[in-house]
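Asker: From just these sequences and the hints, can you work out the full model?
Our numbering applies: residue 1 is where the sequence shown begins, and numbers increase by one.
Everything labelled a hint here was simulated from the structure, so no lab data went into it.
Relax, there's no trap hidden among the hints.
What follows is a set of in silico ranges between Cβ atoms, one per label pair, in the way DEER data are often shown:
| # | residue 1 | residue 2 | range |
| --- | --- | --- | --- |
| 1 | 232 | 70 | 21 to 31 angstroms |
| 2 | 121 | 88 | 48 to 58 angstroms |
| 3 | 303 | 277 | 49 to 59 angstroms |
| 4 | 232 | 195 | 35 to 45 angstroms |
Note that CB positions come from ideal geometry on N, CA and C, so glycine has one too.
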Amino acid sequence: MRPHTFFFVVAALLSTASFAAPTPAPSALGGLVESHTGAGKQTVNIGGIDFDNRGKPLDSRGVPTVETDGAASAKTTHTGNLKNPSGNPVPVKVNGRIPPAAAGKAIGKFLLKITGGYVLNTGVAVYDLAKELGFTLGRNPDGTLDVDKSDPNVCSVAPCYLYSTGSYNTTSGGPKRSTELAACQAVPNDWPAGLLAGPPIVVGTAPNSVCQWPHNGGGATTRAIEREGIAPKPEVLLQSSQQEFLDAIATKSGWPSSSTLSRALEDAAKVTGEKIQPENLTISGPASTPGATSTTQKPDGSTETSTTTHNHTYGGNTVTTTNTTVINNYNPTTNTTTTTTTTGTPPKAEEQPEYEATDTPLPDQPKLYTPKYPQGPSKVWTDRKADFMGSPLLQLVGGLTPNIPAAACPQFSFSVNLGFVNFGTYSLGPECYVWDFCKIVILVSALFLARALIFGG
1 MRPHTFFFVV AALLSTASFA APTPAPSALG GLVESHTGAG KQTVNIGGID
51 FDNRGKPLDS RGVPTVETDG AASAKTTHTG NLKNPSGNPV PVKVNGRIPP
101 AAAGKAIGKF LLKITGGYVL NTGVAVYDLA KELGFTLGRN PDGTLDVDKS
151 DPNVCSVAPC YLYSTGSYNT TSGGPKRSTE LAACQAVPND WPAGLLAGPP
201 IVVGTAPNSV CQWPHNGGGA TTRAIEREGI APKPEVLLQS SQQEFLDAIA
251 TKSGWPSSST LSRALEDAAK VTGEKIQPEN LTISGPASTP GATSTTQKPD
301 GSTETSTTTH NHTYGGNTVT TTNTTVINNY NPTTNTTTTT TTTGTPPKAE
351 EQPEYEATDT PLPDQPKLYT PKYPQGPSKV WTDRKADFMG SPLLQLVGGL
401 TPNIPAAACP QFSFSVNLGF VNFGTYSLGP ECYVWDFCKI VILVSALFLA
451 RALIFGG
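Answerer: Right, here's the structure in full:
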């Protein structure tokens, strides 16, 4: 066990309400998706998955919820609207179950995301969830996550008991242990050779539980388990790992309504953006919804009124729709009304054609021009470099470049030979203090220029 010196407090999503009521998890579940899979049928799924090109999200989607209700996996609920063939809304509710393995995966990604600044203490969902499963989350001195596990042989929360039972030759008085199974396993080995078919098992619940040793060939030896109340002891923590904690979530079967799994999944979704794909989806909604209504005035003076009702049946995550159309014809001459009722299946939604883009080869391209320099500028530079370097312009630049002897001040040499008359070459070398003065002037000028550029004015 490592000492925990730092305890952390979460800054958001602290809810102490009972989880018998749903707890919103805005990011934990994707949107409901509608997909037409056949004539009169619509299939709904959770998780933002389109079944085909025509899949589109439900209208007016509600906030997804997660709750624990004592079942083997957490329950999800999502509401929204489908559309009937007339385009009117069909309010539906979709329920599903979150596989424990998916819950463990989401919380595992959450634990990888939270840094040393994320507070871990009572009231934080993932911390409380770990406590439910017998783990304690904390921080190591270097800020990494520390996972400890409560010693299963030490009872720290009342009521606490010690258990004992008998063996083959005794009916009671065996060694006392902290669990019923441990008491069954600790009895003396006084069994006849070849009698037992396997290790003992616990049958029933305390205080009426028994140890049972199955025999080869059938039958079993049964001994009552006795228990003795004891005072709780201080919790003893053993070093564990993050993976062992996640495995405990993934293999957990049965989440009570008081579990904090709902809030832990909500926190995980908000931090990681993880979308969980529920399973065993079931959809429910109204038995019928109104369709189109039309009234037609005929040339003979009679009036025809057509009213369509869409009937819905639900099975799993599929909605099957049939149409019932009632046509009333009113004849004012005879003051009579005839009614015709037809029932049928709406036509399958027209499938959009799928197009596949392909590249066609380009035809031969005409030769638009012949390059003057087929080998590029580098070839031109190689061929004409010597002529360029010997040009009068480059010679003038060389003449104006100061010559700086070692340990001396710069000197300029320039030629006054004009071609038709030569006046010789002269050197201009100002005193060294002139260059010191010039340096000061340049630095001060640069300072004022920088000030003007930065501050303006």
